[in-house]
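Visitor: In order, the protein sequences belong to chains A and B.
Residue numbering for the first sequence follows numbering that gives the first Met the number 0, beginning at 0 and increasing consecutively.
Residue numbering for the second sequence follows numbering that gives the first Met the number 0, beginning at 0 and increasing consecutively.
Honestly, the hints are just simulated from the structure, not real lab data.
Ideal Cβ placement from N, Cα and C applies to all residues, glycine included.
Certain hints may be false.
Partial list, computed: chain A residues near chain B (C-beta under 8 Å) [claimed, not checked]: (1) G103; (2) S114; (3) I224; (4) T271.
Per the computed footprint, the stretches of chain A lying under chain B, defined by three or more beta-carbons under 8 Å from a beta-carbon of chain B, are [stated by the list, open to error]: (5) 225-231; (6) 251-264.
Listing some non-contacts, in silico: residues in chain B with all C-beta distances to chain A over 12 Å [to be verified]: (7) E203; (8) A417; (9) E592.
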Amino acid sequence: MQLPSATLLAQSALSGVFAGALYGLLGLGLSLSWGLLRQINLAHFAFAFLSAYLCYQLSAVGGLDPLLTLAVIVPLFFAIGVATQWLFARFSISTFNSLLVTFGLTVIIESLIQSIWTADFRRLESVYGNARFKVGALYVPAPELLTLCAALALSLAIWGVLRYTDLGKALRASAEDGAIAQAFGVDRDGLALLLSGVCAALAGIAGVCLALSQTLAPAQIYSWIGVVFAAVMMGGLGRPLGPLIAGIVIGVSEALTMAITAPSWAPLVSFTLLIVVLLARPARI
Amino acid sequence: MTTLAATGQRRRETTRVAMALAATGILLAAVPLLGLPLFYESFLYLVFHWIVLATSWNILSGYSGYFSFGHGAFFGAGMYTTATLAAKFDVPFLWTLPAAALVAMLLGLAIGAVVFRVQRIRGELFALVTLAVTFVVGTIVLNTPIDGGPGVYLSGVPVPKLGPSPASSLYLMALVTAMATVAIAYAIYRAKLGLALFAIHDDEDVAEVMGVPTFASKMIAFAASCALAGIAGGIHALFVSYVTAGETFTITVPLTVVLMGVLGGTRYWAGPVVGATLITTLLYAFTAGDHAVAGKAVFGALLIAVILFLPDGVLGAPWLRRRERAPSEEAGGDATVATASVSAVESAGARAPDSRVASPAIGEPLLVASGIAKSFSGVHALENVSLAIRRNEILGLLGPNGSGKSTFINLVSGHYRASAGSLRFDGRDITNLDAHRIARLGIARTYQIPRPFAHLSVLDNVALTGMFGAAALERAAAEREAWRWLEFTGLSGKAAALPGDLNLHQRKFLELARALASRPRLLLLDEVLSGLTPGEINDAIALIRRIRDGGATIVFVEHVMRAVLALTDRIVVLDHGLVIAEGAADAVMRQTEVVAAFLGAPNA
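Just chain A, with the same shape it has in the complex:
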């Protein structure tokens, strides 16, 4: 086996960082709703793809700048998240049943996407799509860089809110023991609605990043689940910086595996990592 050149390795490590940023961005909302609301929201992926298709529609057909579509997408998905949480609270759904209900939701959204945009691949051609910089010997594509910045900014912002504000304290307290938090005057139900809205809005933002950097097809909703779950679990549930850090670790190790061996070996690395983390340090989760 021949080792690729240093430049190639550095370039793949960089693309691993970018892939990891997308994992982290997709995982952020998932981790928050799992850790703080005890819901495993499979529909998070469907929301992201729905948002990606909306972004595609608004900019490829409607002629809007892809980043401006956020002005529509963020409030829309916030509302969707609030509505989902209302349903969950109304029927007091257990953690495991939340997985099944959101799977049902995913299937519905998938068929919705398929009936509007067909099962064919769609690719958004935008001003950002082909823009790239050259830093030294390395190419930096603009959409991926945007994703990384968004992931960093959002993760840090949410980390700060959870850690330093009263709102964050209330959220963490009601995740620890909802009934007790409520007894101390925390509006648990209101917070849950807010948090679920934020998580869905995060899915919306991740969707715009997806639309900018990836080719879209409805069936691809499922192809992200495994690796993003790995990032969420490794990063620790409910920890805002976790998915990004773990995502980048996974992304880089996958990219290096692909460069050194064959692309088809990549899942082995991420999932072995996940298993090792679960077995060795389950206390984190």
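Please arrange chain B on chain A, whose structure you already have, making use of the hints.
Guide: Frame of chain A; chain B shown alone:
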């Protein structure tokens, strides 16, 4: 009388189920002879296929609550074993099936051997580990000569001639496997193993302390579950005749299986059968026609509706369960339960097992703790405690909150592992023995805050320790034993109820009945009286005296001094994890150190 009726009823039910299964099997086996269009056979094949997968999944995951998302891996292991043996080595197809079962089972056991030892991996974490294993196995299969990328064709593999056509042969194989799987799931459901798995589902730590060999139970259930999935995979390889890693090791198989189980009801042996039949039919009906996309959406909506309105599955639906609960509620007039215990003690005491006429004499040490210590990351809960508990005595263990009493009980019952020192029970070293082995040797305990198995009936809660504790009874005998102790504690009117329907007093007595049904030689009572009214305490004191007269040795942790003075032969006082006094209760309680420990130093 009630006991015999219940046992007889169960035996009749078993016969009924066996006959129903046999009759269904024979009827369905005749389908290929009807000459129906091919479509029916392949549709029914798929139904049987999913019944095998969903039912086998349910054996571990539904019964014990360890939701596996790795069924794709076990199914795939079977698929690729058959594909490799049949297509590459020309092994006759039927011979590949045992190999498929074996490979899938070994894969499951290897995962279980690691994962079941890590205590924190339960619930969602188990789901993720097994899902990750699926992708790892899939990647390995894809990148090694087992598959290598292009997939494996089985078109050249001859289908064994069991029916009029190859399609009907496949149909018959799937039918036989489905019937066998359902029969195994039912047998486990009715066996001791089934009760063990349901107890693990509710509270694994308590199950272990009550004598359930939790690790072995999970391994056996996992092995059965994986082997059956492996066979389903082997048959399916021939059915689809082209196997690819990309379509086998996915999240789709486990998700479908989980949905089927949850839809039908994971607590019922027939639940996955109902779920698999419904979902396969729905998928077929909705996605086969011209409106496949709309059909998929309807499928998703139906799924949501079922989970929202029937969270316990179709078989858990209230209108089906009411019929089942009704007869048992008629059986017990429960109005007198709260006051029945004293008279029950009087009448049942004489019939208590091993009962002797007079209070037995106190003998040589039964349990000896030497220098036992327990610390939690630096905090010393118990330091260097040495004490002996003599046969047939009631030893009171006293001390302020946080003095180490409950820690001592947790150490003796095996719930905690000791940091230092040793424990000998009846001359045998039991330090750091697995909790279920300690229970088997004859040590039983109650929990200060009752921890009954929430989804098991009161009767099953008590019968469980009869089966897995020192008595090691068979299920029918354990139920007879359980009835006796329910009468003894005045709970027989609540035998069919769930623990959630009991009040605190009754739940405390359930703890007691559960400990007694194992016929322990050493009984550890952790504050059984706290929270009871003075009248209830009187009942309990009489009860405990009666238990000792039955031949048990008792360690009695209690704050109610009236009971301590009335019952104990000797007391040991702990403070900050150390023994500070020992002797007869009234004398010890006057010692200045003891008074200081409870009330603070006199001059403070």
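Visitor: Next step is simple, just say for each hint if it's right about the structure.
Guide: Hints, one by one, checked against the model:
1. The criterion of a C-beta within 8 Å of any C-beta in chain B is met by G103/A, whose closest approach is roughly 4 Å, and the hint holds.
2. Because the beta carbon of S114/A sits about 5 Å from the nearest beta carbon in chain B, less than 8 Å, this interface hint is met.
3. Below 8 Å, beta-carbon pairs count as interface contacts, and I224/A has one with chain B at about 6 Å; its hint therefore holds.
4. The interface hint given for T271/A holds, since its Cβ lies 6 Å from the closest Cβ of chain B, which is under the 8 Å cut-off.
5. Counting residues of the region 225-231 of chain A whose beta carbon lies closer than 8 Å to any beta carbon of chain B gives 3, which reaches the threshold of three, so the coverage claim holds.
6. For the region 251-264 of chain A, the stated coverage by chain B holds: 3 residues have a C-beta nearer than 8 Å to a C-beta of that chain, and at least 3 were required.
7. The non-interface label for E203/B is consistent with chain A: the shortest C-beta to C-beta separation is roughly 15 Å, beyond 12 Å.
8. With a least CB separation of 22 Å from chain A, A417/B remains clear of the 12 Å interface cut-off, as annotated.
9. Interface exclusion of E592/B from chain A stands, the closest Cβ pair being 37 Å apart, more than 12 Å.
Checked against the numbered hints given earlier, the structure satisfies every one of them.
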